[in-house]
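Keeping their order, the protein sequence lines are chains X and E. Numbering follows my numbering, in which position 347 of the first sequence is assigned residue number 347; successive positions increment by one, without gaps. Numbering follows my numbering, in which position 185 of the second sequence is assigned residue number 185; successive positions increment by one, without gaps.
It is possible that some hints are incorrect.
No copy labels: a pair is met if it fits in one copy or bridges any two.
Heads up, simulated SDA-like pairs for lysine to any residue below, C-alpha to C-alpha not over 20 Å straight-line [claimed, not checked]:
1) Lys160 - Ser136
2) Lys7 - Ala178
3) Lys7 - Met200
4) Lys36 - Ile180
5) Lys324 - Leu13
Hints were generated in silico from the structure; no laboratory data involved.
Protein chains: 2
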Amino acid sequence: MRELFSKVNAVDLAEFISEMDPEDERLVILFRLMPKEFGAEVFAYLDRDAQQRVVQGISDKELRGIMDELFLDDTVDFIEEMPASIVRRVIKLADHETRKQINQLLMYPDDSAGSLMTTEYMEAKTGWSIAQAIASVRSQCEDMEFISTLFVTDGARHLKGSVLLKDLLAASDSDSVASIVNTNINFVSTLTDQAEVADMFKRYDLVTLPVVDGEQRLVGIISIDDIVDVIDEEATEDIYKMAAMEPIEQSYSDAGVFTLARKRIVWLAVLMISSTVTGFIIERFQAALAANVLLVSFIPMLMDTGGNASSQTSASVIRALVLKEVAFRDIFKVIWKEFRVSVIVGAGIAALNFLRVMLFNRNLLVALVVSATLFIVIVVSKIVGCVLPMFAQRIHLDPALMASPMITTIVDAVALLVYFGIASQVFGIAV
Amino acid sequence: MRELFSKVNAVDLAEFISEMDPEDERLVILFRLMPKEFGAEVFAYLDRDAQQRVVQGISDKELRGIMDELFLDDTVDFIEEMPASIVRRVIKLADHETRKQINQLLMYPDDSAGSLMTTEYMEAKTGWSIAQAIASVRSQCEDMEFISTLFVTDGARHLKGSVLLKDLLAASDSDSVASIVNTNINFVSTLTDQAEVADMFKRYDLVTLPVVDGEQRLVGIISIDDIVDVIDEEATEDIYKMAAMEPIEQSYSDAGVFTLARKRIVWLAVLMISSTVTGFIIERFQAALAANVLLVSFIPMLMDTGGNASSQTSASVIRALVLKEVAFRDIFKVIWKEFRVSVIVGAGIAALNFLRVMLFNRNLLVALVVSATLFIVIVVSKIVGCVLPMFAQRIHLDPALMASPMITTIVDAVALLVYFGIASQVFGIAV
Numbered sequence: 001m002r003e004l005f006s007k008v009n010a011v012d013l014a015e016f017i018s019e020m021d022p023e024d025e026r027l028v029i030l031f032r033l034m035p036k037e038f039g040a041e042v043f044a045y046l047d048r049d050a051q052q053r054v055v056q057g058i059s060d061k062e063l064r065g066i067m068d069e070l071f072l073d074d075t076v077d078f079i080e081e082m083p084a085s086i087v088r089r090v091i092k093l094a095d096h097e098t099r100k101q102i103n104q105l106l107m108y109p110d111d112s113a114g115s116l117m118t119t120e121y122m123e124a125k126t127g128w129s130i131a132q133a134i135a136s137v138r139s140q141c142e143d144m145e146f147i148s149t150l151f152v153t154d155g156a157r158h159l160k161g162s163v164l165l166k167d168l169l170a171a172s173d174s175d176s177v178a179s180i181v182n183t184n185i186n187f188v189s190t191l192t193d194q195a196e197v198a199d200m201f202k203r204y205d206l207v208t209l210p211v212v213d214g215e216q217r218l219v220g221i222i223s224i225d226d227i228v229d230v231i232d233e234e235a236t237e238d239i240y241k242m243a244a245m246e247p248i249e250q251s252y253s254d255a256g257v258f259t260l261a262r263k264r265i266v267w268l269a270v271l272m273i274s275s276t277v278t279g280f281i282i283e284r285f286q287a288a289l290a291a292n293v294l295l296v297s298f299i300p301m302l303m304d305t306g307g308n309a310s311s312q313t314s315a316s317v318i319r320a321l322v323l324k325e326v327a328f329r330d331i332f333k334v335i336w337k338e339f340r341v342s343v344i345v346g347a348g349i350a351a352l353n354f355l356r357v358m359l360f361n362r363n364l365l366v367a368l369v370v371s372a373t374l375f376i377v378i379v380v381s382k383i384v385g386c387v388l389p390m391f392a393q394r395i396h397l398d399p400a401l402m403a404s405p406m407i408t409t410i411v412d413a414v415a416l417l418v419y420f421g422i423a424s425q426v427f428g429i430a431v
Numbered sequence: 001m002r003e004l005f006s007k008v009n010a011v012d013l014a015e016f017i018s019e020m021d022p023e024d025e026r027l028v029i030l031f032r033l034m035p036k037e038f039g040a041e042v043f044a045y046l047d048r049d050a051q052q053r054v055v056q057g058i059s060d061k062e063l064r065g066i067m068d069e070l071f072l073d074d075t076v077d078f079i080e081e082m083p084a085s086i087v088r089r090v091i092k093l094a095d096h097e098t099r100k101q102i103n104q105l106l107m108y109p110d111d112s113a114g115s116l117m118t119t120e121y122m123e124a125k126t127g128w129s130i131a132q133a134i135a136s137v138r139s140q141c142e143d144m145e146f147i148s149t150l151f152v153t154d155g156a157r158h159l160k161g162s163v164l165l166k167d168l169l170a171a172s173d174s175d176s177v178a179s180i181v182n183t184n185i186n187f188v189s190t191l192t193d194q195a196e197v198a199d200m201f202k203r204y205d206l207v208t209l210p211v212v213d214g215e216q217r218l219v220g221i222i223s224i225d226d227i228v229d230v231i232d233e234e235a236t237e238d239i240y241k242m243a244a245m246e247p248i249e250q251s252y253s254d255a256g257v258f259t260l261a262r263k264r265i266v267w268l269a270v271l272m273i274s275s276t277v278t279g280f281i282i283e284r285f286q287a288a289l290a291a292n293v294l295l296v297s298f299i300p301m302l303m304d305t306g307g308n309a310s311s312q313t314s315a316s317v318i319r320a321l322v323l324k325e326v327a328f329r330d331i332f333k334v335i336w337k338e339f340r341v342s343v344i345v346g347a348g349i350a351a352l353n354f355l356r357v358m359l360f361n362r363n364l365l366v367a368l369v370v371s372a373t374l375f376i377v378i379v380v381s382k383i384v385g386c387v388l389p390m391f392a393q394r395i396h397l398d399p400a401l402m403a404s405p406m407i408t409t410i411v412d413a414v415a416l417l418v419y420f421g422i423a424s425q426v427f428g429i430a431v
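Extracted from the complex, chain X is given alone in its bound form (with noise of 0.2 Å):
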């Protein structure tokens, strides 16, 4: 059986299992037939109703077993995840010690570095030589999930520096620490927001991150391997927003109906209203539109072209700003920028309709009309594309989040006043 085991990955033995019916009874007992340390591994990555089915089918001793080979990052995400009977009778199961940093860890903020943080980690004291530190490292290392770097604490607790482990290994054991720590060292506080967890790991090129309490005590370490799925959360938050969505906290197999029409509803809501403008815009030259019905059928058209053309420049503004790669200080760079772009892309799009509206329509003067506004759209939402996002930035506002139902409602404007505006100049109609 351990043959067998030792064969297949735990993350693909426990994505078969989380697939199979939770109410089938062979789902327990192949669980147990894993051995102690597999089976925790395998544990950690089912989901949340699995793991539910497993804990209501195994005794305390087994459980207990579990929780033991269990790293208690592992441990804490999934007593989030279950109902209150459930992490009772694990809280119960725990020794003193675990449940003390259980319930600490329970205690931090969604998306701070302290609820990222794993209370696992290798430490060194500041007196010791290269050989105590070794010695330590082997006696302790088989628990940990990670290791690269021990951090160097005082008496107190205060953190002092790291040591990488391949500068210890390579130091000669007559050696101190102290002649090889690095104090020169990034961390960041329980409270410190997961974005900025996530561009410090970046910027730096960290593979581990200390994180320190209120009195710079050493609390715990974030490794990079928490970071990936951090950086996967962030991007996909972004993506909602730039699509008019507030994010969701789950995955989207996980969130409800209701989760998900609430999450889309205010944004929609608001995008409806705020085109009240442009149906006013519409009422105002009924008119004209009455006396050159043609006129009204390239109207989706502009506003397409126009929405199009500013979502294509705040998507790449807005990523550069995420990124970091450009800041407020870059604004005129990059309207400038964007400024040459879009005559360069507004031209090939203005010619094009040109061709088209002969083709179809063989109206010389609707065609100039019709590629006339579409070069000012497309330059001038090219900069509202640009310009909206930084200066949201600017004010601490979240560029992706503010920049979408505003930019909207102003290329829409735009488009429909310039249309207008040398429709009726051109067709000399009374507005």
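Assemble the complex: chain X is given as a structure, and chain E must be docked to it using the hints.
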């Protein structure tokens, strides 16, 4: 001086130097003052212009010093950015073995596992004892960027498994490497796409991943800190595609005006041409519109809301597909979920619109027609917004790229047809 440099972070200093005027002579002087190892670290983080300036300002001996300290993957990244004259000088200065490795790494296609990997990793042989392995680690590890795992190979360099450094350190000296080797490991080939590599890191919570050639011989490793950049790159690509742009290879600030224009104009042209369809529909209903011009004023709002509703859904579903939260086999589950969401959202928005039209236009029939259209448009938009990306994925097209223009065109056409259909029934207008 060393004291001073030990207080600043290499990344921060590199940023400061990169922002200096490249003609400023103090740039090279500052660089010469740095301790060798620190200088190499700073060098790796400099931007292209500053790197070029430094290389032009220092002697061959100094350059060789930097090359000796640089990690091989950083050297390759640097060479890829430099003009031919500097590349020749660097290659000439490298020793035979390094030169061979650089040339090898430069050959792998962009975005392949080969181009991500480094050839600096720790190896153990199948027949070794623990003591031998630890001694080997201690002698090699200082030159490594990242150690957490040793890769075990046989005499012909075929990959046989891996040993976690923590297991090695925890084992007793008299054991053999064979007793703690993990033979069930993940690996990729040099030609595996970087998106697939990133997915493996995420799925299996990996820290390093070995890369093998066509004959299963170990040729390098990829470590998780290189994957962090890949994840950001892939998210940026998806954001660009969703905003109807082709992705750019460099960062926004490095991309030239013509590159940006080229990446944007294609989809803008496709979308503009495809909106010919909406123009035709409007022309076909000209008579109805001329008879009731008030109807025209709601066209932009209906199309915008349809577009927003569909992009909310397509953004959610595309992201869920990318993160592997849903797959094609879930299509009926997704449609059923989106249908229920759309009924809730559609009913809410339609009711709000009804109130708005009654308030501003005081026309019951128009309010009913517009609200009914709005409800249907939102439901259809959300279904189209989830079905198309999933089918695109099924037939191995990129959901992000394929979905957007087709969805817009379909949703726009449906909005107009439903609107005019209902309006002509209610108002009894001949079409």
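Going through the hints against the structure:
Proximity of Lys160 to Ser136 under the C-alpha cut-off of 20 Å is restricted to the intra-copy arrangement: shortest distance 18 Å within a copy versus 30 Å between copies. Proximity of Lys7 to Ala178 under the C-alpha cut-off of 20 Å is restricted to the inter-copy arrangement: shortest distance 16 Å between copies versus 44 Å within a copy. Proximity of Lys7 to Met200 under the C-alpha cut-off of 20 Å is restricted to the inter-copy arrangement: shortest distance 18 Å between copies versus 38 Å within a copy. Taking the closest pair of Cα atoms, Lys36 and Ile180 come within 20 Å of each other only across two copies (17 Å); inside a single copy the shortest separation is 38 Å, beyond that limit.
In this homomeric assembly, Lys324 and Leu13 come within 20 Å of each other (Cα to Cα) only across copies, at 17 Å, whereas the closest approach inside a single copy is 39 Å.
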